[in-house]
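Let the hints inform the model, and build the full structure from the sequences given.
Residue numbers (the working numbering), protein chains in the order written: chain B, 1 to 319; chain S, 1 to 319.
Honestly, the hints are just simulated from the structure, not real lab data.
Be a bit skeptical, because a hint or two may be false.
Same chains, same names: a pair is fine if it fits in one copy or spans any two.
[What the hints assert, rightly or not] Here are the simulated lysine to any residue pairs, SDA-like style, with alpha carbons at most 25 Å apart:
id, residue 1, residue 2
1, Lys-252, Thr-286
2, Lys-205, Leu-136
3, Lys-194, Asn-284
4, Lys-236, Asn-284
5, Lys-194, Asp-150
6, Lys-191, Leu-137
7, Lys-18, Thr-312
2 protein chains.
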Amino acid sequence: MKIVECVPNFSEGRDLDKINRIMDVIKKDESIKLVNYESDVDYNRTVVTLIGDPDKMIDLILKMTEVCLKEIDLNKHSGEHARMGAIDVIPFIPVSDVLMSECVAYSEKCAELIYNTYQIPCFLYAEAARKEDRVLLPSIRKGEFEGMKDKIKEENWLPDFGEAKIHPTFGCIGVGARDFLVAYNIDLESKDIKPAKNIARYIRKSSGGFGFVQAGPVFLENRNHTQVTMNILNYKKNPIYRVFETVRMEAKRYQTEITGAEIVGLVPKDALVKSLKYYYACNNLTFFEDSSLKDIVRDVKKYMLFRDFDETKIIEYFL
Amino acid sequence: MKIVECVPNFSEGRDLDKINRIMDVIKKDESIKLVNYESDVDYNRTVVTLIGDPDKMIDLILKMTEVCLKEIDLNKHSGEHARMGAIDVIPFIPVSDVLMSECVAYSEKCAELIYNTYQIPCFLYAEAARKEDRVLLPSIRKGEFEGMKDKIKEENWLPDFGEAKIHPTFGCIGVGARDFLVAYNIDLESKDIKPAKNIARYIRKSSGGFGFVQAGPVFLENRNHTQVTMNILNYKKNPIYRVFETVRMEAKRYQTEITGAEIVGLVPKDALVKSLKYYYACNNLTFFEDSSLKDIVRDVKKYMLFRDFDETKIIEYFL
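Rendered as C-alpha cells:
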C-alpha cells in the first residue's frame, strides 16, 4: 500500500473562521488522515500534516487549493514567515512503499493539475527541482508574493508549470518532493549552555559534522536544562542512534550526560527500526520484523532514552 | 618562529640518477628540513615533504624548479598519476605561527617568482584559488600535460601567473595553500572486510558522514586484519578522537573492536593535543601546555591506541 506524507503550508494563521473553513475541507476527506495542524499567529501561517494514498492526496490538495483561493488574498497578508502563495509550499514525502522518484512524479502531476484547474503557476523544488537554483525553496521564494510579480517574468524564473505571471490573489506555489525530516532533540543534564552549543557545532553539517544534521543549542526554562535541538534531514544516512551516541560521547568531556531525548511531530517506524538494529546487534539480539509498535516504543525508550513518546508519534500508527 | 610544510611532487619516479640529482639540491639546503621523500615507479612520481621557514622554502622551491627543468622533459614522461608539470604541485601548509592567509600569500609569491624566473605558468589552487573551479587541483589538471597545451589558451583557463602557453618541456604547475592532512588508519580485529567497509561509509563525507573525512576499507595481508583507512582533511573540525570514538562505537554492532591505529607520515603536535584534551577532560585531568613530546606519545598510545608511533612522527620534533 503506497503511502506518502504531504505537509502543505497555507498563509493564514490568525483568522480562526478562515482557518476552520479551510481545515473543514481537509477534515471531511475520509480517505486522507489529518495527523496534525498548527497555526502560528506571528507567522500568519498554518502547517498541515497529512498522510495517505498519493492519488487521493493530490485530489485533496486540489480541493484545498480551491478553498484557499476563496479564503486568502495575499495582497492583504502579512506575517513573519516568507511566503509567495496562499498555499505556499506542498512537499510530497515518501513514507511506505513509495520511491523518491515516484514522489517527484506526484509533485509534477499535482503542480500540473493546479495550474490547469486554477491558473496558479507552480515551481518544482527540492528533489523535484529541474534547475540547480530551484533546489532550495528560499531561493525560489526570494522577493515573496510582492516581488514574484516581476521576478516570474525573468527568463530564469519562469515557472515549471504556468505562464509568466502570478495569480493576482493566490500568488504561486512551490511543489516538491523531499525526504522525511526527523525533528529530534537531546536533553543534557547541564544548565550551562556551553556544552550544548559546542556539541551542536561538532555534529552539524555547517561546521563539518554529519552531512544531514542541522543542530543548535537551547535552554529550556520550564524544564531547567539544556538541549541540543536538531533536524535530521536524512535518517538513512545519519541514523538517530549515531547522532545520539556521538552526542553522548562528546558530553563526557563536559562532565554532563544525556537525560532524555524527544521526537517533535512524527517519525517513520523505519527510522526507529534502523537505530534499534544497532543496539540489538551490539547486544547480540535479533530484530523481528513483526515487532509491534509497542515493542518499538519500549525499546527506543530503553536504548535511546526517548521521553513523551508513544505509538501515536509513529506514522505507521495512523495507517 | 614561522614554520610551513611544503610537499612538492615532481614527475620522475623511475630514473634513480635523475631522482638523486634532484634530491641532492634539496639535501644540500641546510636551512630546510627534508622530512621524507618517496618515489613511486608506477606513478613515475616523487613526493617530497619539507618543513622550514617560509621564505627559505620559496628559495629552495626555485632551486628545485631549476634542476627539474634540466632533468625532466614531460614530452617523454608517462605514469599512472595525472600530471601537468615537471613539478606538478606545490602546496604550502601552515604548521607553526603561520595563518592560512599567509600561506596563500607565500603560494602567490612562489608562483610569481617561478614564472618571472623560468617562464613556467602557474595556477593557484585550494585555499589560494581565485576561481571556484580552481579549488580542486584535478579540475585544473584535467587534460594533463598534453591537453594543457590547448586548454591554457581558453579564456577560463588562463594561468594565474604567466601567459597563455605552457612551458614546452616543463608544462605548468599548481601552486596552492591547504590545511594539514592527517593520514590516519584504524585497525579492526575483524578479518571480514564488511565492518570496515560499512564503517568507512558511515563516517566519510561522500556518504553523509563527517565533513572532512575521506575513508575506505582495506584488508592488510601481512597483518591479517582489516583497517579503516582515512584522510582527515581538517583535524580542527574533525579531530582524531571523534573519528576514533565513532569508529569504536560503530564497530560494536559487528562484534569487533579497534586493536590499534596509525598515522601515515607526520602529524602536527596540535592535532594530537586537540584529541588528548578530550580524554583529559573526560577523566578530569588537566592538559599542561609544557607537556613533552614523550608525554604526548605515551598518551596517544594509551587513549587512542597508536602503534608504531614515536616522537619522530610529530612535526615539532624536527623544529
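Going down the list of hints, with the structure as the test:
1. Within a single copy, Lys-252 and Thr-286 get their C-alpha atoms only as close as 30 Å, which misses the 25 Å cut-off; across copies the closest is 15 Å, which meets it.
2. In the homo-oligomer, the alpha carbons of Lys-205 and Leu-136 lie at most 25 Å apart both inside one protomer (16 Å) and across protomers (21 Å), since each shortest distance falls under that limit.
3. Taking CA atoms no more than 25 Å apart as the test, Lys-194 paired with Asn-284 passes between copies only; the shortest distance there is 17 Å, against 37 Å inside one copy.
4. Proximity of Lys-236 and Asn-284 under a CA criterion of 25 Å is satisfied intra-copy only: 22 Å inside one chain copy versus 36 Å between copies.
5. For the identical chains of this complex, Lys-194 and Asp-150 are neighbours neither inside a copy (45 Å) nor across copies (55 Å), given an alpha-carbon limit of 25 Å.
6. In this assembly of identical chains, Lys-191 and Leu-137 lie within 25 Å of each other by CA distance neither inside one copy nor across copies; the values are 36 Å within and 47 Å between.
7. For a Cα distance limit of 25 Å, the shortest separation of Lys-18 from Thr-312 qualifies neither inside one copy, at 28 Å, nor across copies, at 74 Å.
Of the numbered hints stated above, those contradicted by the structure are hints 5, 6 and 7, listed in ascending order.
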